[in-house]
Structure formats: structure tokens, C-alpha cells
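Chemist: Take a look at the letters that make up each chain.
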Amino acid sequence: MKKIFKVKFFIYLLGVMGPGLVTAFADNDAGGVATCSMAAAKYGYQILITLIPITVVLFITQELGARIALASGKGLADLVRERYGIITSVFMLLMVFCVNFGVILQDMSGLKSALQLFGLDYRIYLPLLLVFLFLFLIKSSYKKTEQFFFVLILFYLSYLFSAVLVKPDWGHVARSIIIPQGKLSFDFIYTSVAVLGTTVTAWGQFVVASSIKDKKLTSSDMKVSQFEVVAASFISNTFTMFMMVAVAATIFTHGLHIGGAAEASVAIRPLAGNLAGVLFGVGLLVAGFLGCAIVPLSTAYMYSELFGYEGSLDQGFRKSRFFYGFFVFQILLASLFVMQPAFSLFKITLYADFLNGLILPILFIYLYRFANNTEIMGKHRNSKMQNVVLIVCGVIITIAVIFGIIGKLFNL
Amino acid sequence: MRVHIFIIMLYFSELDRKKVITNDGIFIGWLDDVIFLLDSSPKVTKIVVDFKGTKTIINADAIHKFNTVVRIAKFYTQAELAENELYVKRNLLDKQVIDISGNKIVRANDVIIHEQINLSSHNYECYISGVDIGLIGLLRRLHIENAMTRIIHFFGINMVSNFLSWADIQPLDLVRGSIRIKKEDSKLQNMRPEDLADHLEKTNELNIKKFLKLLDKDFATEVISNLNINYQRDLFRTWKAEKAASIIGKMDTDIATDILLTLSRKKREEILMGVNEKKKSAIQALLSLTRTPISKRISSEFLVADPSQTPRDIFQKIRKSASDFSSLDYIYIVNQKKQLIGACNLHELLMQQEDTPIYKFMSQNLIEAHLKTPLEMVVYKIVKYRLHALPIVDSNRELIGIIPFDNISDIIEAKFSQ
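Chains as they are written, first to last, in our numbering: chain D, 1333 to 1744; chain L, 6 to 423.
Keep in mind the hints are simulated off the structure, nothing from the lab.
We put the beta carbon where it would ideally sit given N, CA and C, even for glycine.
It cannot be assumed that every hint is accurate.
Chain D is nowhere near these chain L residues, computed Cβ spacing over 12 Å in every case [stated by the list, open to error]:
| # | residue |
| --- | --- |
| 1 | Trp244 |
| 2 | Ala250 |
| 3 | Lys377 |
| 4 | Arg391 |
Not everything, but these chain L residues come out facing chain D in the computed CB check (under 7 Å) [what the hints assert, rightly or not]:
| # | residue |
| --- | --- |
| 5 | Asp99 |
| 6 | Gln101 |
| 7 | Arg112 |
| 8 | Arg146 |
Let the sequences and hints guide you as you build the complete structure.
Modeler: Set out below in C-alpha cells:
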């Protein structure tokens, strides 16, 4: 009896799976890989202690975003426009657009450097990949697009193989995840904040809600969808762990310094063999590509929700022209920068993380209000316990952001 | 006496958060929301007043006028939301507009309310006329309408408002939180503000019989008198002779004659049979007037403007193309189909801000004549309504020309020199 139930649940899960998984993995985009590998290169296994708290914050926020979308049948931007009017909406769109644009620049440059790693000329392959991405999104349905993302996600396994190949001390890894190691410094906190900032993002909140809507899930899928979102956060951060381990066991152990994810891939090669390095590079390539797809999609979803245009991956270009138009506009604008040979990722990383940190607390206030509004949530509104957890998360993120900003301002 | 009902358009965004003050000057709060009847003629029934977080619902019959402040009667009554009522802000503003097959089109950027002021009965009512779904509405909400219009104007682009009339909205879907329109997206024509007055008539035409039954006879007659001639003709064609006669009997002689002239001779005689003797002879006298062609007296020295043009544009236009006019008294406003939809005299034009689009303050209730109108009637109308010029329109309501007072002064002069 119990077994049948489990099989049923699994089949159901396969149908609902998608929005949470894709968003959680996209949170590990090229910018995320860059930040995490730099953090691991600097602090080694010590940084692994951040993983559990970050996973918790991620799944609490993602679950909330998903629950709001399932209960109301609306995206977050829909609710912002209907509840707070147009001034708030336009202001928020401008903010999210700026933040997301920074993230797109990160991802596109990540993609560019990954192409260079494999000796491919980015002047040819980057535009080709982007054109392919755009045409694919227009032509294929939501379901097909999601399946394509699943295939991309499979490539994150390369981090697992890469981590196995570098032969880390797994016992040490396990201990570092649970028990704090080493000394706590201001710089360590700052680095942890950066890792948190690339994982929990404003656009992640928008995209998980919008894609649930686009997948046409309803409040009857609540339980399974919640499970999916929580499981996805856990799985996605497991791969973050493998990536950090791969870097920590090689670059950190040998005391090398790296300035980005591509450099990490190069540095791993002589230390753990060509294959480990190549696999790490494949991971970066996929992360960049996934980010280039999801992040502009998130702004495009938001834009069409705010102004009430049709915006669905299930539709062709004619019907959802504003949606796809906004998507391609961001891609084109970002390529203008990234195609410059001397384009520096470093400054962009700073500015994007800074802005992301700035809007997260604001977004949290709206999430909190939506989650406690019976008109929107019905019986799925936040319980007292959930509110406490959410507020704690909000406070942690806000403190983290303030620390981060101070750190960046004073160059600590 | 012909009754004038003035229609003034307002935007909800212009009313939102206005001060609400009673007649004797007591400030009671800020306007927070407007409540309307979910009906084919969505009358504003209540307003919500917010005073430091405490919200009070007040019956709309206390409203004297929406102005720079909302003025209400000293003794107003409080009320509660009724079952068939909705809020503008909560149920209409910013809501998703979908077409008949459920495709999302746009969101309601603003809500248009029109004030109906009946000068003779001092009756003041407000109705929801539709929603603004255009860019201008968006800019208005952001309080950058004037600045942006000026910038865009500078580049020689004329921004067009885009409205959705209440007649095109399915009221029941509002309860479900979306504004469903009765057409396919592809068939949705852009409706400009100036068409709205016309469109209101269309609403009335659909529901007009039902609507007129609700009104008392005198008021119904007034409403019919104010309709455009095409609708009057259509209505009278469908009515039985007795019913038509009872309405004609209450109407002004000149308007009655105008309507009767559009009907066939047979129908006209049938109707006149039912009218009382005194009125009948007056109408017959007008009907039997010599059909003096008025075409010789029509002047082409008139100036037309687009509804979205501003006094600034119009002053330029006057300097450019009216320098050799013998006189200029009115600016006529025509829509894209060249139909006459409003007029404005020079005094009104001078008094307005230079950037206000003309549709906001033009008069929409026009006295007009047709090519077939007898000359005597033209003279009568000009004198009766104290006009400097009378616009002449064809059956399609397209403006053909005007008959200025100068062109008929000889007739009056002849009459008095006798």
C-alpha cells in the first residue's frame, strides 16, 4: 500500500518538477560559480560551513515564492502591480532590471571565458549560442524548454566528477560542513555574504513564481510543488559543495590565487589532471548558458506581468511579442558590452552583487505582506511559525547585506 | 426649454487622495476609493474617505463636485458596500485586461469617470465611462504626463490615448478580478477619448429602451433630445406612432422638426396625428417652410483641430492658416473619421493651460444643422442659442462647413426693416 503511494507521488513529482529545480540551479549561474570558487580558493574547506544556512534561507524564500504563486495563481509582479499600483511597479522594474542586467553581464562573460577555455572563438560561438537560445525559446513550448534546462542541469554533474577526481579528504569535508573550522574574520563574513548573495537572488523569487504560473500549476499541486522546491534547493547546493570542494582541495591546498571561475578551471588541470579541469570548465559553460537564459527571462516575465502583456514560453513570438522582445533586448544590450575584448567582469560582479543585496530586503517586505494576506493566500497564508522563520531570514539577509556593503565601501 | 447636460471627463488618478471637505469647510479626510454600481450604466454610488487610516464610506449623493477638492454636503450619510457594487481602486485600477479568448492585452492604467451635470435640475451624477489602457494613462499615473508629452511632442510625435469603453467590458468578470473585453484582441480598435461620448451613445442605443423605461418621461425626452440625430432617427423608426407622438409632444419644436425631417412622409404624418393641436401646428409651420437651400450661405472659413492638440498647437495653427479669415469664433474638434465631436470658443481656449489637450475642456453638446435643414431653422437656432456660427454636418456627422452669423444677418435685418 505504502509503496504504491510512493510510486504515485514520484510520478506526480515528475509532472510538477521544474520551476523549483531550474531556478535553484540557475541560482548557481556563472556569477555564482565565480564567487563560490573564489571563496573556496581563499578559505578552502572552511567556507563549507556556510552551505547549510544558505540552503535553509534559499528553500524558505523559494518555498514562499512558490506558495504565493500557487495560492494566488499570479506572479509576484502581478501582485505588486495590483496591490501597490504603478509607481511602485515601475520603480521595482527599474531596480530589478539593473540588478538582472548586471547578472546577465556576469553570466555572459562567464560563458565567454568558458568558450575561451576550450579554445573556441567567442566572437563566433557566443553570438551563435545566444541566437540558438532565443530561437529555441520562441519555437518550443514551456515543457520543451524545461526539458532542455533539465539536460543542461545534468551537466552540473561534472562538478561531482571533478570533485571526485581531485581526491579530497571526504571526512574533512563532512566535518567542515557541520562544525565551524578556522578563525572567524571580517573578511570571512564578507565572503560568506557574497556567497549568500549569489545564491538567494531577487530574480530567483520572480522567476520561480512566474514559471509556476507558466507551467499552469495550481494550488492543488501545493504539497508536491513545495517538496520539489525544497528538494531542489538542497540538490543545487550539494553541487555547489562539490564545486567548492574541487577548488578547495586543489587551489587552496596549493596556496594559489585565482581571479575567476575560468582561472580555477585552468589552475585545477596541473593539480588534479586535465579531466578534472575540463569538467570544471564544462560546469562553468553550462552555468553561464543557463544564467543567460533564466535571468533575462525573469525580467521579461516581470515586465509582461507588470504591464499586463501576454508572456508565456508556450506562445509564439507574435502573441508574446513584448515578452520575447524584452528578453532579446536584454541579451543584445549585454552582448554589446561582453563582445568588447577588454571587458572586465570584476567591476560588474561588485556592482551586481551590491544592487542585488540592496533590493533583497525590500523584496522580503513585499513577500512578507503577500504571505500574510488572506485575500491572496487563502488557507495557505503564513502560519506564525513560518512568519518567525521568514523574519529571521529577512534579518539575516539584511544584516548580511549591510556587512557586505560596508565591506565593499571600505575595501575591507 | 432644451436642457443642457454637461459631461465632464475625469481620471481617477486625478481624484485619488484629494481632500474631502464639507460645504461648511470641515476637512473629513482624503478620497481613498470610489464605489460604483456593477451595471450597464455604472453609476458612482459611494466614495471611501480615508482619515489617518480610518476609512469611511459616504453616499455619493452628498457629493457637490469633484474639483480641486471633493466638496460634499454638510449632512452626509454613511453607508456600506452593497452586493452589486465594486471599488474602482480595488477591482478596476491596475487589473489585467483580457480579450474574449482570455489573452492578456494590457492592464488598466487609469479609470475614466464622467460627471453629468444637469443644469436645469441641478442633478449631479458620476458614471464610470471606461478604463485608460494607453501609454498616456501610464504617464499620468507616474505624474510625468505633461513633461513626457512635451518631450514627445518636441520630436513631432502625437501621442494618442487609448481607451476601453465600459460598453466593451463584461461586468461579471470584474468580480473575478479581470477586465474581460467583448472583442478579440485583433479586432480591438483604438478608441480615442473623443469617441467616448459617441460610444456612450452606443451603450445607450443597445440598452436605450430598457434604460429609457427606467427614467421618467420628461427626463427620457431630455435624453433623447440630446442624442445625435442618427440615433434619434433609429429610435423613432422602431417606435410605434403613439409612443413617438407622446415624446415629440414634449420636445422642443425645432428638435422635433429636425427628427421628423429624417423620417418618411408617411411615418411623419402618423406621428403628427397623435400630437396635440397647438404643438402640431407649430411643427407643421416649421415643416412647411420653404426649402431655401442653405448651401450658398455655408462658409469654409473654419478651423478644425485634433482632440489631443493643445491650445499651444492651436494658436500656432490659427496664426498659420486663419490669417485671411473674415472672422474666427470657434475651433471645431473632429475625430479620425472627420466627424464633429466637439467645439471650443476662443475665450475658453485662452483661459486654458497651454498644455491641456483640447478634449479635456471642449464642449461636446453641439448645436448643429444639416444641409437639408431649412434656412429659417438655421437662423432660428443661431438666434436661439446665441451662436456666432452654426456647424453644418452631413449624415455621417462629418463637418462640411459653418454658417456664421454674418451670413444670415441680412435675413434678420430684412425682417426688422419691414
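Chemist: Evaluate each hint against the coordinates.
Modeler: Taking the hints in turn, this is what the structure says about them:
1. Trp244: The claim holds: Trp244/L sits with its nearest Cβ about 43 Å from chain D, beyond 12 Å.
2. Ala250: Given a closest Cβ separation of 51 Å, the condition holds.
3. Lys377: 48 Å, holds
4. Arg391: 45 Å, holds
5. Asp99: Holds - the Cβ of Asp99/L comes within 7 Å of chain D, reaching about 5 Å at its closest.
6. Gln101: 5 Å, holds
7. Arg112: Holds - the Cβ of Arg112/L comes within 7 Å of chain D, reaching about 3 Å at its closest.
8. Arg146: Nearest chain D Cβ about 4 Å off; hint holds.
In terms of the numbered hints stated before, the structure departs from none.
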